[in-house]
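Participant: With chain A held as given, fit chain B onto it using these hints.
Here is what each chain is made of, one letter per residue.
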Amino acid sequence: MSILEYNGAAIIAMAGKDCVAIAADTRLGVQAQTVACDFRKVFKMNDRLFVGLGGLATDVQTVDQLLKFRQNLYELREERQMSPKVFSNVLSNLLYEKRFGPYFIEPVVAGLDENNKPFLSGMDLIGAPVYTDDFVVTGTATGNMYGMCETLYKPDMEPEELFETLSQALLASVDRDALSGWGAVVHVITKDGVTSRELKGRQD
Amino acid sequence: FFSPTPLLSLTMARRYDASTTTFSPEGRLHQVEYAIEAINNAGTCVGILASDGIVMASEKRVTSGLLAPSKTSEKTYKLCDHAACTVAGLTADANILIDQARLRAGRYTYQYQEAIPVEQLVEHVCNYKQAYTQYGGLRPFGVAFLFAGYDSHHGFQLYQSDPSGNYSGWKATVIGANNQAGKSLLKTEYGAKPKSDDDDDAPEEMETEEDPAEEEIRVPDVTEALRLAVKVLSKTMDGTVPSPEKMELFTMTLAEDGEGCAHHILTEEESKKVVDDVEAEAASAGDA
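Line order of the protein sequences matches chains A and B. Just so you know, we're using the numbering used here here: the first sequence kicks off at 817 and counts up by one. Just so you know, we're using the numbering used here here: the second sequence kicks off at 569 and counts up by one.
Chain A on its own, in the form it takes in the complex (with noise of 0.2 Å):
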């Protein structure tokens, strides 16, 4: 049993024309039982920046909190707002700071840069970013993730298009893997705003 697939999750970030949409699921379980189906897994940053947080629930939590406390002490000295690249290289930093003893999750970045434009990154539970133009994806059915992904995507997607995509992608992967599903949440970001959705599918 591995520490990050305790408690289960399934999160995919995915960028369009001008826009990303990010979407996880809501279970929360201890193994196999579940506990929970509205567990969040995805935070607000900012209007223009989300994150998705997959693995261990305590750390998913704690490490919501944690960046919430270093971007507010950002925006109160330097009077502006992080951008998704600076928040990917802060949540980096405060992964590899606990190099020897680490948060028990990968997450994944989505946002908007200064220029609109879409900006994805995702890490291991010690801070390695990869930077993508397509999608990110991370949790316990990463492989379904990937595959549902490379066949669905496609590049330049306007933000309905994009949100059909994601949520078809997500809702195939989850139906595979025990520890993820319950219930889906789907975030859109576009410059004008934040529309998101609740999805349910399979309550298995």
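No wet-lab data here; the hints were simulated from the structure. For clarity, every value in this text was computed on a predicted model and none was experimentally measured. We put the beta carbon where it would ideally sit given N, CA and C, even for glycine. Don't take every hint at face value.
Said to hold, decoys possible - Below, computed lysine to any residue pairings styled on SDA-like, alpha-carbon distance capped at 20 Å: (1) K639/B <-> T835/B; (2) K884/A <-> Q668/B; (3) K840/B <-> S641/B; (4) K933/A <-> D949/A; (5) K860/A <-> Q668/B; (6) K639/B <-> L889/A; (7) K639/B <-> N888/A; (8) K1007/A <-> R896/A; (9) K860/A <-> Q681/B; (10) K639/B <-> D863/A; (11) K933/A <-> D863/A; (12) K639/B <-> K901/A; (13) K884/A <-> G828/B; (14) K901/A <-> D940/A; (15) K639/B <-> Y890/A; (16) K860/A <-> T835/B.
Unchecked claim - Computed beta-carbon distance windows for the label pairs: (17) D845/B <-> P945/A: 15 to 25 Å; (18) Q679/B <-> K860/A: 20 to 30 Å; (19) K884/A <-> D620/B: 22 to 32 Å; (20) A830/B <-> K884/A: 13 to 23 Å; (21) S592/B <-> N905/A: 30 to 40 Å; (22) Q688/B <-> Q1019/A: 22 to 32 Å; (23) K860/A <-> D667/B: 41 to 51 Å; (24) E930/A <-> S592/B: 54 to 64 Å.
To be verified - If you want a taste of the chain B side facing chain A, the calculated C-beta under 8 Å gives, among others: (25) K639; (26) T640; (27) K646; (28) R672; (29) G674; (30) Y676.
Facilitator: Relative to the frame of chain A, chain B by itself:
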């Protein structure tokens, strides 16, 4: 508690004023008192508690036209979503304390997932200042603050702190240059009914008018408090005609969407309107 220090009138003072951590024979900490004096030469700050928020007005001292400002303000600082402060004194010292306050507020929220109560934030900064009056042979911070904050326990609050680490809560107060003149003006004008109001609803107030001590203080709203703040600043700024470029007006109110607080430094246009209103009021009072 500290009376202003007469300039080294006692030769004994010399021996006891070099070290912050030593009491003088009269039981005073001279270094702390000197620090407080330093602030009496700094740009004035007025703070006024209103029914729907807090107003803080500061005198901006522009030392050179060549200065390129890097921050929004050198007087008003946001500490967290629900608290802000204005500074009188050494800006460099203030920066350290402001960072301390910001860290404390952030850590409190991290630990308790709640907003830090305003008094606790003030007390933390003050305890930090106090340490420099008792340990280490370091000089005290040459800064006085006006803290404005909102919490669910006590609503809007205004606090003042000085280099000694002492703090107190106020309905209205002034720090910095000519603060005594400012405070005396506030004593008469804060809570006084505006002269143009009709006394429709106040037969009781008419009776108690003879006894000012019993008359209930009428808390102004932010708009009125802004005008009062400008009046106070014009008095403390050597009686010169108030001009928007020389003053910084700040308000803190509840955000319209109900989420948190709104911190607002008035634009030059908005400041000008307040100044114009004050001048008009003064002119009409002169005519009457």
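Participant: State for each hint whether it applies.
Facilitator: Quick rundown of the hints versus the structure:
Distance restraint check for K639/B and T835/B: the Cα-Cα separation of roughly 15 Å lies within the 20 Å cut-off, and the hinted pair is therefore satisfied. Of the pairs offered as hints, the one joining K884/A and Q668/B holds, with about 18 Å between alpha carbons and a cut-off of 20 Å not exceeded. Of the supplied pair hints, the one linking K840/B and S641/B holds, its CA atoms being roughly 18 Å apart against a limit of 20 Å. Distance check on the hinted pair: K933/A and D949/A sit about 10 Å apart at the alpha-carbon level, within 20 Å; holds.
Between the alpha carbons of K860/A and Q668/B the distance comes to roughly 27 Å, so the proposed pair goes past 20 Å and is violated. With a C-alpha separation of about 15 Å, the suggested pairing of K639/B with L889/A holds against the 20 Å cut-off. Our distance criterion of 20 Å between C-alpha atoms is met by K639/B and N888/A, whose separation comes to about 17 Å. Under the criterion of a C-alpha separation no larger than 20 Å, the hint pairing K1007/A with R896/A is consistent with the structure, at around 17 Å.
Of the supplied pair hints, the one linking K860/A and Q681/B holds, its CA atoms being roughly 16 Å apart against a limit of 20 Å. A hinted pair counts as satisfied when its Cα atoms are at most 20 Å apart, and K639/B with D863/A does not qualify at roughly 24 Å. Restraint check for K933/A and D863/A: the C-alpha separation of about 14 Å stays at or below 20 Å, so the hint holds. With a C-alpha separation of about 23 Å, the suggested pairing of K639/B with K901/A is violated against the 20 Å cut-off.
With a CA separation close to 16 Å, the supplied pair K884/A and G828/B stays within the 20 Å bound. Among the hinted pairs, K901/A with D940/A is consistent with the structure: their alpha-carbon atoms are about 16 Å apart, no more than 20 Å. Restraint check for K639/B and Y890/A: the C-alpha separation of about 14 Å stays at or below 20 Å, so the hint holds. Simply put, K860/A and T835/B have alpha-carbon atoms about 30 Å apart, too far for the 20 Å limit, and the pair is violated.
Restraint check, D845/B to P945/A: a C-beta distance of roughly 55 Å breaks the suggested window 15 to 25 Å. One distance hint, 20 to 30 Å for the beta-carbon pair Q679/B and K860/A, holds here, with the actual separation near 22 Å. The supplied range of 22 to 32 Å is met by K884/A and D620/B, whose beta-carbon atoms lie about 28 Å from each other. In this structure the supplied range 13 to 23 Å holds for A830/B paired with K884/A, their Cβ-Cβ distance being about 20 Å.
S592/B and N905/A have their C-beta atoms about 53 Å apart, which leaves the hinted 30 to 40 Å range violated. Q688/B and Q1019/A have their C-beta atoms about 45 Å apart, which leaves the hinted 22 to 32 Å range violated. With their beta carbons about 26 Å apart, K860/A and D667/B fall outside the hinted range of 41 to 51 Å. With their beta carbons about 58 Å apart, E930/A and S592/B fall inside the hinted range of 54 to 64 Å.
Given hint, K639/B at the interface with chain A, holds; its Cβ is 6 Å from that chain's nearest Cβ, closer than 8 Å. The interface hint given for T640/B holds, since its Cβ lies 6 Å from the closest Cβ of chain A, which is under the 8 Å cut-off. Interface restraint check for K646/B: the shortest CB-CB distance to chain A comes to about 6 Å, inside 8 Å, so the restraint holds. This hint is violated: R672/B has a C-beta 11 Å from the nearest C-beta of chain A, more than the 8 Å allowed.
A hinted interface residue such as G674/B counts as satisfied when its beta carbon comes closer than 8 Å to some beta carbon of chain A; here the least separation is about 5 Å, so the hint holds. Among the interface hints, the one on Y676/B is violated; its C-beta lies about 10 Å from the nearest C-beta in chain A, farther than the 8 Å criterion.
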